[in-house]
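S.K.: The sequence shown begins at 15 in the working numbering and counts up by one.
Calculated from the structure, these hints are not laboratory results. Check each hint, because a few of them may be wrong.
[To be verified] The list that follows gives simulated cross-link-like pairs (lysine to aspartate or glutamate, EDC-like), each with its CA atoms no further than 20 Å apart: (1) K78 with E27; (2) K48 with D31; (3) K78 with D88; (4) K78 with D31; (5) K48 with E27; (6) K48 with D58; (7) K48 with E71; (8) K48 with D91; (9) K78 with D91; (10) K48 with D88; (11) K78 with D58; (12) K82 with E70; (13) K82 with E39.
[What the hints assert, rightly or not] Label-pair restraints from in silico Cβ distances: (14) A92 with E39: 33 to 39 Å; (15) K78 with T30: 18 to 24 Å; (16) M93 with E39: 34 to 40 Å; (17) F23 with Q101: 33 to 39 Å; (18) S41 with Q101: 21 to 27 Å; (19) Q22 with N98: 24 to 30 Å; (20) A72 with S41: 17 to 23 Å; (21) E27 with Q87: 20 to 26 Å; (22) Q22 with I97: 29 to 35 Å; (23) G85 with V42: 19 to 25 Å; (24) S100 with G38: 26 to 32 Å; (25) I62 with K82: 14 to 20 Å.
Given the structure is predicted, the values throughout are model-derived calculations rather than measurements. Glycine included, each C-beta is placed from N, C-alpha and C at the ideal position.
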Amino acid sequence: MNNNLNFQFGMYEPATDSVIINIGENSVLIIRCKECNSSVTFDDPNDIVYLYRLAEEAPLLYAKLALKESGLQDYVDAMMNLINCSQS
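Model the full assembly from the supplied sequences, consistent with the hints where possible.
M.R.: So this is what it looks like as structure tokens:
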């Protein structure tokens with residue numbers, strides 16, 4: 015994927031479970047969350063909530079991570095490490 019995309023605006027669209035990113039004049043990038051999330055391994059299946067929250071609250075970050083190899087997996091792993099550290 016082209017790393018030089020100009021992410022101008024993004025939003026999560028719950029009806030289609032997609033992140034829609036404006037990447038320039040008359041150009042959009044649509045990222046289907048279900049497909050991207052299916053490549054992530056979770057210790058607990060309920061942990062998928064972290065990705066949906068990310069898509070809703072920070073769609074541009076979700077898009078950037080989804081376009082990187084293991085970006086979403088690394089995000090979930092980091093969240094789990096933070097939670098485990100705070101419980102210690």
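S.K.: Take the C-alpha atoms of K78 and D91, compute the straight-line distance between them, and say whether it is at most 20 Å.
M.R.: Given that 20 Å is the threshold and the Cα spacing comes to 16 Å, the pair holds.
S.K.: Per the hint of 20 to 26 Å, is the separation of the Cβ atoms of E27 and Q87 within bounds?
M.R.: Between E27 and Q87, where Cβ atoms are some 23 Å apart, the hint holds.
S.K.: Could you see if the CB distance from A92 to E39 stays within 33 to 39 Å?
M.R.: The hinted range 33 to 39 Å holds for A92 and E39, with Cβ atoms some 35 Å apart.
S.K.: Below or equal to 20 Å on CA atoms is what counts here, so check K48 against D58.
M.R.: Between K48 and D58 the Cα gap is close to 17 Å, so the pair holds against 20 Å.
S.K.: So the hint says 26 to 32 Å: do the beta-carbon atoms of S100 and G38 match that?
M.R.: Distance hint for S100, G38 is violated at roughly 40 Å.
S.K.: With respect to the beta-carbon atoms only, verify the hint that A72 and S41 lie 17 to 23 Å apart.
M.R.: 21 Å, holds
S.K.: I want to verify a distance hint. Is the separation of the beta carbons of Q22 and N98 within 24 to 30 Å?
M.R.: 36 Å, violated
S.K.: Are the Cα atoms of K78 and E27 separated by 20 Å or less?
M.R.: 17 Å, holds
S.K.: Within a Cα-Cα threshold of 20 Å, do K48 and E27 meet the stated pairing?
M.R.: Answer holds: K48 to E27 is near 12 Å, not above 20 Å.
S.K.: Keeping to a limit of 20 Å between CA atoms, is the pair of K78 and D88 held or broken?
M.R.: 12 Å, holds
S.K.: Could you check the hint for me, namely that F23 and Q101 are 33 to 39 Å apart, CB to CB?
M.R.: 37 Å, holds
S.K.: Between G85 and V42, does the beta-carbon spacing fit 19 to 25 Å?
M.R.: 20 Å, holds
The structure shown violates the earlier hints numbered 11, 13, 18, 19 and 24.
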